[in-house]
Structures are given as structure tokens and as C-alpha cells.
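Terminal number for the sequence shown in the numbering used here: 1326, no gaps in between.
No wet-lab data here; the hints were simulated from the structure.
Note that the Cβ used here is the ideal one computed from N, Cα and C, for glycine as well.
Since no wrong hints were added, every one of them can be taken at face value.
Estimated spans, in silico, between C-beta atoms of each pair:
| id | residue 1 | residue 2 | range |
| --- | --- | --- | --- |
| 1 | Pro1148 | Val1230 | 33 to 41 Å |
| 2 | Ser1118 | Pro1256 | 51 to 59 Å |
| 3 | Tyr1272 | Arg1136 | 39 to 47 Å |
| 4 | Val1228 | Arg1132 | 48 to 56 Å |
Cross-link-like lysine to any residue pairs, in silico, SDA-like; alpha carbons within 20 Å at most:
| id | residue 1 | residue 2 |
| --- | --- | --- |
| 5 | Lys1248 | Ala1300 |
| 6 | Lys1248 | Trp1267 |
| 7 | Lys1248 | Phe1262 |
| 8 | Lys1248 | Val1237 |
| 9 | Lys1248 | Gln1263 |
| 10 | Lys1248 | Phe1268 |
| 11 | Lys1248 | Val1266 |
| 12 | Lys1248 | Leu1259 |
| 13 | Lys1248 | Gly1301 |
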Amino acid sequence: MLRIVALLLAALLGSLLSPRLPAAEPEAPRVLGLHGHLELDYSITVRVQGLAVWAARNDARRLVPFIDGRALPGTFPESIDLGNGLLVYHPRINNDSRSVWTDLLGAPEGMQRAVTFSVGPVDGSPFASVHDERGRVQLTVVSPIYGGIALAVVVVTLLVFVRLARTTSIIRKPVPYGLGPYDLGRFQMAVWFFLIYLSYTAIWLVTDDTDTIHPSLLALLGISAGTALSEAVIDAGGPAPGTFPPPADAP
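My request is simple: use the sequences and hints to build the entire structure.
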């Protein structure tokens, strides 16, 4: 009996004195891939390894995309599949992410640019990702299809205007017959109109935003229109084009 008690005490002391191994840390999440076109207003699906384990202690609804190491605040997942480790995003420009998108899409050097991609907590660090410096993905700045269509429309519009400017009085002074001289006010208004038109089209192609005409641009267009209108009023108050007062009699 004493031997049994001694063995039990020895086992108890051994378990108390034996070093305890630390609990195994859960595996850190890792982005394994991105499916879809990384482009504004297009849905993408992100596969994350260990998402379910991470979500057991954290809120997966607060995960946002990280592009070139910068978080996109306000771009939260539209769908979460913890079983398969999938997150679905629909990137759009909002008030919180506007400055980030401006840096990402500003001064483009081509239709696309290579970027790093991951996801992570909006107020934390991004997860490890296969799309790091060695596995960059292409961020579409301008859609080739829409870019080609817009370019064709702009070129056709410009060609039509040039032809009208050469064969009609659209930017000329009105005369009773034939074509009059070019009018500076109308020409200035046409130039500003096309500059605003081209700028609006380019910004729309990049940002997919239609509310981009600044009031200052409208003011410039209004000034040009006012100049043309002033010249028209002055011309209307003067003698008709091509008519001159009779010469005075010689003394």
C-alpha cells in the first residue's frame, strides 16, 4: 500500500515539475490567390489560407484589400466563405479610399500597372501573400475595350469638328455670302470645350466616376462663351460686313 502511494506521489511530483510545452500558435493567414480582374467596379475573389481559424478570434468583416501595401478603407467583403477561405470584394472609390485610388491610378504609364496585393484588418497589417514583390498582379488602370471605344469617339468627334470648321461658319464671323474670317471668341470657346471634353473622358475611363467636372472648368467655358457673345453683340451693332460708308466728296 505504501509503495502504491509513493508511486502516485512520484508521478504527481513529476507532472508538476516537468516543463510544460507552450500551446501551438494558430497558423497565420496567407493569401493564396486572386481570381478576377483587379479593376475598379469589378468583383474579385480572394482565397485565404487559415481564414476560418483567424476568424474564430477576429472579425472577418473588417478585412480590406491592400494594394501596394496600402489599405482600401471602406472596401469590405461582400461575401465571406469561411469553409473554403474565400472573400469577395467589389472595389469602388469612396470618400475613405479616394486618396489611395488617386495615388494608385494617377499618372498612369499604360493600361495596366503591376502591384502587390493582399488583405488584412483595416487598422492592421496585411496578411502574407503570394502576390508580393515577386508575384505582382496587374491592376487595370484603363479598360482596353472602353479605352478603344472612347478614343474612337473622340477622334471621330474631332475630325467632324475640323471639317465643319473648314466648310461652315461654325467658328467664323457671319457674312452675307461665302465664308467669313475665323472668329477668335468662337475658336477659343471651341478649344476650351474640347479640352474639357477630353479631360472628362479620360477621368471617366480611369476612375469610372461621372461627377468630375469642376466648377472652375465651367467658369472657363462660361468666360469663353461670354467672349464670343460680346463679339457677336459688337458685330451686330456695327456696320454689316462688306459694307462701307461712301467716301467723302473732295473739297
